[in-house]
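A.B. asks: Quick note on full-length UniProt numbering: the sequence shown kicks off at 1 and runs consecutively.
Mixed in with the good hints, there may be bad ones.
Claimed, not checked - Once the Cα atoms are required to be at most 20 Å apart in a straight line, the calculated DMTMM-like pairs of lysine to aspartate or glutamate come out as:
{"no.": "1", "residue 1": "K26", "residue 2": "E42"}
{"no.": "2", "residue 1": "K83", "residue 2": "E93"}
{"no.": "3", "residue 1": "K83", "residue 2": "E72"}
{"no.": "4", "residue 1": "K26", "residue 2": "E38"}
Claimed, not checked - Label pairs and their computed distance ranges (CB to CB):
{"no.": "5", "residue 1": "L91", "residue 2": "K59", "range": "54 to 60 Å"}
{"no.": "6", "residue 1": "Q18", "residue 2": "A39", "range": "48 to 54 Å"}
{"no.": "7", "residue 1": "L51", "residue 2": "A23", "range": "31 to 37 Å"}
{"no.": "8", "residue 1": "L80", "residue 2": "V57", "range": "30 to 36 Å"}
{"no.": "9", "residue 1": "E63", "residue 2": "V97", "range": "48 to 54 Å"}
{"no.": "10", "residue 1": "E45", "residue 2": "H25", "range": "36 to 42 Å"}
{"no.": "11", "residue 1": "C64", "residue 2": "E84", "range": "47 to 53 Å"}
{"no.": "12", "residue 1": "E63", "residue 2": "Q43", "range": "27 to 33 Å"}
{"no.": "13", "residue 1": "L51", "residue 2": "Q78", "range": "39 to 45 Å"}
{"no.": "14", "residue 1": "Q78", "residue 2": "E45", "range": "27 to 33 Å"}
{"no.": "15", "residue 1": "A40", "residue 2": "E79", "range": "29 to 35 Å"}
Hints were generated in silico from the structure; no laboratory data involved. A virtual CB, placed ideally from N, CA and C, is assigned to each residue, including glycine.
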Amino acid sequence: QHDVLSGSAADAASVRDQHGSHAQHKVRHWEQCAAEREAAFEQCEQQVGRLTNMLIVAKAEMECLGEEADRECMELQQELQAKEVALSEALEELSSVRLSTAE
């Protein structure tokens, strides 16, 4: 009977060792998962940083393009006004020439 009890104790110890080994395996697995998630999180943070920088640069470039477009628009408006004045003067001159030739 002592051998049976010894065998049972050995079996119990073996089961404990298996459970302990299984628990250690689970712990290692969860630690590995946590490390992988941490690495993925760091990569995401880095990507967010890069995208934020790209957004800042794009916004600055858009503002510059908007300012350039505003300047161009003002120049074109001034050019148009100058041409309208020149056209108006030319029409007045033409009208006065017609009047003087009609007399």
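A.B. asks: Quick check: does the Cβ-Cβ distance between L80 and V57 fall within 30 to 36 Å?
C.D. replies: Holds, since L80 and V57 (Cβ atoms, about 34 Å apart) stay within the stated range.
A.B. asks: The hint says 48 to 54 Å between E63 and V97; measuring C-beta to C-beta, is that right?
C.D. replies: With a Cβ separation near 51 Å, E63 and V97 satisfy 48 to 54 Å, so the hint holds.
A.B. asks: Could you say whether the range 39 to 45 Å given as a hint is met by the Cβ separation of L51 and Q78?
C.D. replies: Taking Cβ atoms as reference, L51 and Q78 lie about 41 Å apart, which means the hint holds.
A.B. asks: Given the hinted pair K26 and E38, is their Cα-Cα distance within 20 Å?
C.D. replies: The hint holds at about 18 Å.
A.B. asks: Between E63 and Q43, does the beta-carbon spacing fit 27 to 33 Å?
C.D. replies: holds, 31 Å
A.B. asks: Do Q78 and E45 keep their Cβ atoms within the hinted range of 27 to 33 Å?
C.D. replies: violated, 50 Å
A.B. asks: Quickly compare the C-alpha distance for K26 and E42 to 20 Å and report which way the hint goes.
C.D. replies: Between K26 and E42 the Cα gap is close to 24 Å, so the pair fails against 20 Å, i.e. violated.
A.B. asks: For the pair supplied as a hint, K83 and E93, is the alpha-carbon distance within the 20 Å limit?
C.D. replies: Given that 20 Å is the threshold and the Cα spacing comes to 15 Å, the pair holds.
A.B. asks: Has the given pair, K83 with E72, been kept, meaning a C-alpha gap of at most 20 Å?
C.D. replies: Cα-Cα ~16 Å, so holds.
A.B. asks: Just to be sure I understand the hint, the distance between the Cβ atoms of L51 and A23 should be within 31 to 37 Å; is that true here?
C.D. replies: violated, 41 Å
A.B. asks: Taking the CB of C64 and the CB of E84, does the distance hold inside 47 to 53 Å?
C.D. replies: violated, 30 Å
A.B. asks: Within 54 to 60 Å or not, the Cβ separation of L91 and K59?
C.D. replies: violated, 47 Å
Against the hints set out earlier in the document, violations occur for numbers 1, 5, 6, 7, 10, 11, 14, 15.
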